[in-house]
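Engineer: Could you put together the complete structure from these sequences and hints?
Protein chains: 2
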Amino acid sequence: MKTLLEAIRPTTFIESQKLRDFLGLELTIAAETFQHTGSFKFRAAYNLALNVENAEILTASSGNFGQALAYACFLLKKKCVVVMPETSAKVKIEAVKSYGATVDLVNTKIVGRSARVAQLAAEMPSAYVASPYDDLLVIDGNSTIGDELAARDFEVVISPIGGGGLISGISKGLCRNNSQAILVGAEPLLGNDAARSLKAGKIVANESEPPTIADGARTLSLGVQNWEIIKEGVSEIIEVTDEKIAEAVRIYFGLANLKAEPTGALALGAILENKKRFEGKKVCAIVSGGNVDAEVYRQILAG
Amino acid sequence: MKTLLEAIRPTTFIESQKLRDFLGLELTIAAETFQHTGSFKFRAAYNLALNVENAEILTASSGNFGQALAYACFLLKKKCVVVMPETSAKVKIEAVKSYGATVDLVNTKIVGRSARVAQLAAEMPSAYVASPYDDLLVIDGNSTIGDELAARDFEVVISPIGGGGLISGISKGLCRNNSQAILVGAEPLLGNDAARSLKAGKIVANESEPPTIADGARTLSLGVQNWEIIKEGVSEIIEVTDEKIAEAVRIYFGLANLKAEPTGALALGAILENKKRFEGKKVCAIVSGGNVDAEVYRQILAG
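Listed in order, the protein sequences are those of chains D and U.
Basically the working numbering = 1-based index in the first sequence + 658.
Basically the working numbering = 1-based index in the second sequence + 658.
Treat the hints as calculated values from the structure; they're not laboratory data.
Computed from a prediction, not measured in an experiment: that's the story for all the values here.
Built from N, CA and C at the ideal position, the CB exists for glycine as well.
Be a bit skeptical, because a hint or two may be false.
Claimed, not checked - Derived PhoX-like pairs: lysine-lysine, alpha-carbon spacing no greater than 20 Å straight-line:
| # | chain 1 | residue 1 | chain 2 | residue 2 |
| --- | --- | --- | --- | --- |
| 1 | U | Lys676 | D | Lys755 |
| 2 | U | Lys735 | U | Lys755 |
| 3 | D | Lys676 | U | Lys750 |
| 4 | D | Lys735 | U | Lys676 |
| 5 | U | Lys735 | D | Lys750 |
| 6 | D | Lys676 | U | Lys735 |
| 7 | D | Lys748 | U | Lys676 |
| 8 | U | Lys755 | D | Lys676 |
| 9 | D | Lys676 | U | Lys748 |
Said to hold, decoys possible - Pairwise CB distance ranges, derived in the manner of DEER restraints:
| # | chain 1 | residue 1 | chain 2 | residue 2 | range |
| --- | --- | --- | --- | --- | --- |
| 10 | U | Glu894 | D | Phe671 | 34 to 40 Å |
| 11 | D | Leu878 | U | Lys933 | 28 to 34 Å |
| 12 | U | Lys748 | D | Lys940 | 31 to 37 Å |
| 13 | D | Lys889 | U | Asn835 | 50 to 56 Å |
| 14 | D | Ala809 | U | Asp762 | 41 to 47 Å |
| 15 | D | Lys939 | U | Asn709 | 32 to 38 Å |
| 16 | D | Pro783 | U | Lys933 | 41 to 47 Å |
| 17 | D | Ala809 | U | Ser866 | 51 to 57 Å |
| 18 | U | Asn709 | D | Glu894 | 44 to 50 Å |
| 19 | U | Gly938 | D | Phe680 | 44 to 50 Å |
| 20 | D | Cys833 | U | Ala779 | 58 to 64 Å |
| 21 | U | Asn835 | D | Ala809 | 25 to 31 Å |
| 22 | D | Arg935 | U | Ala713 | 36 to 42 Å |
Structural biologist: Now the structure itself:
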């Protein structure tokens, strides 16, 4: 059984001169697109599956956390059930199944995802119910990226923010290594609850699932445990339009040979929103994942 | 001034479980898509520009070698002239210029590229005329990948083959490290001169530039110095249809989050041509580069 650090793949640092020249910034990319299952979520999922005593783990996820937890449970020989909306892309359902997990398809018009998780949790009393972000084991798993970042002398680290699992983990990792880097969040303007929360000094929620292209950030609000870290460790949250997110995906493609999913392109999108903000700084942009359907990607590339 | 090993970026090894499950093979990708200028060619170009005494370097290239040489010369403060056909994609011309090189556009209907290089060489008597593959400095630069591969226990290494610069370098690197890996070439069926050469035991040339989608392998024949190494070090050359090359690009996208250019997908294409050939072996597929126009890539993704 591998430890967390043995199981994860270190992040892939990429320095593209073309991209640097284009931006006029000393930018380094930290890509989690080649992490196992294609996103940073594997760090969280493996840490969780490794450290809970339960032999069964239950979660609701239509995206990267489901795949990551399914694979982590496969490696650790645990049972995994992932609740997904019936309307999920087939390729995502198949990905979760391919790692040996059970997919529970739910008609979200009849029963909500959380309600279905509660039903299943009652049926599986020995199962651990895993939040994709609001869990200390998730945050600790993601904090390993913070350790990797702290080993380089970045002045600014920009991270996507949805439920807050990634950025709170990075904050924790940077902090315990006494990093002086400023941590900035990059959030879709269409779902800017975290930016509003930081201004209000308390968790503010979106009224409904934000219709942003960045599907990994379609969360209603930050997690409670994430917020406790974010309110101390994140200095600023930049709101990014869907247009800039798409432009960032195209720039990664054209100037860095990097396939990023829209959520993964948020940090570069934040730079595009205000390049001057970062001039003269050693900046690291986190690319959280690369899992995007071919047809969606084709549409984005078409511009 | 950086040494070659200081200047290059180590190759990016990627192990995708999804890809392994799909192929039923223990495959590792060695991606040069994040090498400086987006392809392995930078290894060759930097080694050449570093080691020739000339302050000016002249080459003909419409592709990755031109960009790589331009950037290497920029870093080493040498003058660089790249002869390109007038019909080259604007993005490629701009890329070479962006690194500070002079682009000499030639109307290939009036004067051939080689003829134009000869004209310019006469005008620039102190310039070094660089072949993208048939040069010992090129081969030695590329041999650094062989060193990196030899440090892992691959049983089979599959490399794209065009002029032979990459595979001859890999062969040299594997050899000097006493690697036991079998080296296999992957060549477009539409321009199968290398496969025919290996069978004939002498260099056989294509009659005209092969119309394959793998634009990095549209060479007329192997280089003389490359052939001397290939005939001893390469055990087999697999001919890959353009359909399998395109399929390999799509598979890298879908199962490994990797943006590969068509030439870069040749090794996986060779596996697709005959999966059984590699069963039970630890296989490494070299992805030589990732520089592909968005529109071409979109068309390939559409399938």
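Engineer: Of the hints given before, which are not true for this structure?
Structural biologist: 5 and 11
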